[in-house]
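> Going down the list, the sequences are from chains X and V. By this note's numbering, the letter at position 201 of the first sequence is numbered 201, and the numbering carries on one by one without gaps. So this note's numbering is basically just the index in the second sequence, starting at one, shifted up by 1000.
The set of hints was computed from the structure by calculation and includes no laboratory data. Cβ atoms here follow ideal geometry from the backbone N, Cα and C, with glycine treated the same way. Careful: at least some of the hints might be erroneous.
Sample of chain V residues facing chain X (criterion: CB under 8 Å; computed from the structure) [stated by the list, open to error]:
(1) 1005
(2) 1014
(3) 1018
(4) 1126
(5) 1274
Here are some chain V residues the structure puts well away from chain X; computed CB gaps all over 12 Å [claimed, not checked]:
(6) 1059
(7) 1070
(8) 1143
(9) 1152
(10) 1153
(11) 1181
(12) 1236
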Amino acid sequence: MKKRYLVPFFYILFLLLPIYWLVAMSFKTTNEILGGFSLFPQQFTLENYREIFTDPTWYWGYINSILYVSINTVLSVAVALPAAYAFSRYRFLGDKHLFFWLLTNRMAPAAVFALPFFQLYSAVGLFDTHIAVALAHCLFNIPLAVWILEGFMGGVPKELDETAYVDGYSFSKFFAKIFLPTIKAGVGVTAFFCFMFSWVELLLAKTLTAVEAKPIAAVMTRTASSAGYELGLLAAAGTLTIIPGAIVIYFVRNYIAKGFALGRV
Amino acid sequence: MRTQNNKAWFLVLPVLLLVAFNGLIPIMTVVNYSVQETFGNNLFFWEGLGWFEQILRSDRFHAALGRQFLFTGMILAIEVPLGIAIALSMPKSGFWVPVCLVTMALPMLIPWNVVGSMWNIFTLPDIGLLGYFLNHTLGITYDMTQNPVAAWATVIVMDVWHWTSLVVLLSYAGLIAIPDAYYQAAKIDGANGWKVFRYIQLPKMKTVLTIAILLRFMDSFNIYTEPFTLTGGGPGNSTTLLSIDLVKIALGQFDLGPAAAMSLIYFAITLLVSWVFYTLMTKDDVK
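From just these sequences and the hints, can you work out the full model?
Right, here's the structure in full:
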């Protein structure tokens, strides 16, 4: 092994330690956790996981989160695709200002928007729905999606478009049949980022939901305050929140590095 | 070369409508609050720019802003060089590449409040892995809830843990895009490691690093959930960053006017600094 590989090795070790601690705790009883320090679970238990998978408040938390994250990812990528195409291929009135304005929305602290968002979505009758959270997360995901996709599309030579139009393709047919397959790595990376930022955001998701669409992260904070401090259960719930992300990253693992480099972003 | 075509607006329209709905309406609501005083019952009185003046003069705001800049400055100073160093020492191809990338991306995929709670239990003095190790194995007195320095160190280490991978992934993407011919040319010219880094790798990573620095700036400047779950802003006010203070004022004390004015000042600072970063880093790009 080359000596320089020690750097990523120790970095990954550092990343995995807190995760290991979380996973290890999820297999302990709360009594064991509070009773003292142990590197490995002494009385290995699956009780924490059993409770999550049998209690509807818990598992609906996961379903709710996955629902709004999926809606948001599909929506963000779908509307960002034509917009990114426009930015990468055409000059039009106010394009530069529009692009910068889009990016400024990525800079707004979610804390600033919590209360106005609550009022806005209550006013339009979407409060406590999956759609509300999915739409709200568009605020930071669409600008990011446009930004990443525009980079990928800029890497595709314009001759491709022109040849297709000469061959008699309509815009929509060209876009679906030729252009999309060309940038599919970019779409994958973009979807991954949208999924990620929507999955990890809590402040807005919590503000916009009460019962019906309550995300898993909010269920966790509620449990932390009401049912005493059930550390084992919380650790199990936390461990389960890592899994969807891990699955998604597994699918884009080959694109993620190559993908970014392909686009000039 | 891009062609002039104003019909392209139709392609942008869906994005425009969605972002405007989520961005413009709430920000106008905030502007509306920021110039009014309310005593509840939906009664509002015109306040003019009074709140802005009050916020800009208040010591509390200055202190929170100072902590925020200190935090973001430290984050950028640690994560950017560290991320580049890790990306440089990663293997370029083979079985270990996807393994590295997937494990490194893991922390970024954990919900932010889980990150906070996770570090909280990780650092508990008697039952957390890190806390136990520091206190009982190394014999250093470490208690985040008592000692402001320990709290700061924990918040910083947590963020380094959480987000350095973003810099790594982006830098790595920039690195593997460099054609081998560049390195061969450098070898023929007898360039040493530092020169290869300075004149080949760094310039080639410039665009991805611009994105990395901008994203890290915006996100660390707006950070709320993780430090709040970890320390609750304490001990005392020592880790009360700007957004934590903002939420305290807006939802804790329900002072809508001052909170709105503070939001707008906050937003303006973020915009200004991002713009300066962006202009500085792209100024010698060939247009």
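> Evaluate each hint against the coordinates.
Taking the hints in turn, this is what the structure says about them:
A least Cβ separation of about 4 Å between residue 1005 of chain V and chain X falls short of the 8 Å threshold, and the interface hint therefore holds. The interface hint given for residue 1014 of chain V holds, since its Cβ lies 4 Å from the closest Cβ of chain X, which is under the 8 Å cut-off. A cut of 8 Å between beta carbons decides the hint on residue 1018 of chain V: the least distance to chain X is about 5 Å, and the hint holds. Here the hint on residue 1126 of chain V is kept, as its CB sits about 7 Å from the closest CB of chain X, short of 8 Å.
Interface restraint check for residue 1274 of chain V: the shortest CB-CB distance to chain X comes to about 6 Å, inside 8 Å, so the restraint holds. Consistency note on residue 1059 of chain V: stated as away from chain X, and its beta-carbon is indeed over 12 Å from all of that chain's, at 21 Å minimum. With a minimum CB-CB distance of about 17 Å to chain X, residue 1070 of chain V clears the 12 Å threshold, and the non-interface call stands. Against the 12 Å criterion, residue 1143 of chain V stays outside the reach of chain X, whose nearest CB is about 15 Å from its own CB.
Non-interface call for residue 1152 of chain V relative to chain X: holds, since the shortest CB-CB distance, roughly 18 Å, exceeds 12 Å. Against chain X, the non-interface label of residue 1153 of chain V holds: every CB pair exceeds 12 Å, the least being about 14 Å. Every C-beta of chain X lies more than 12 Å from that of residue 1181 of chain V, the closest at about 16 Å, which supports listing it as non-interface. No Cβ of chain X comes within 12 Å of the Cβ of residue 1236 of chain V; the nearest lies about 21 Å off, and the non-interface call holds.
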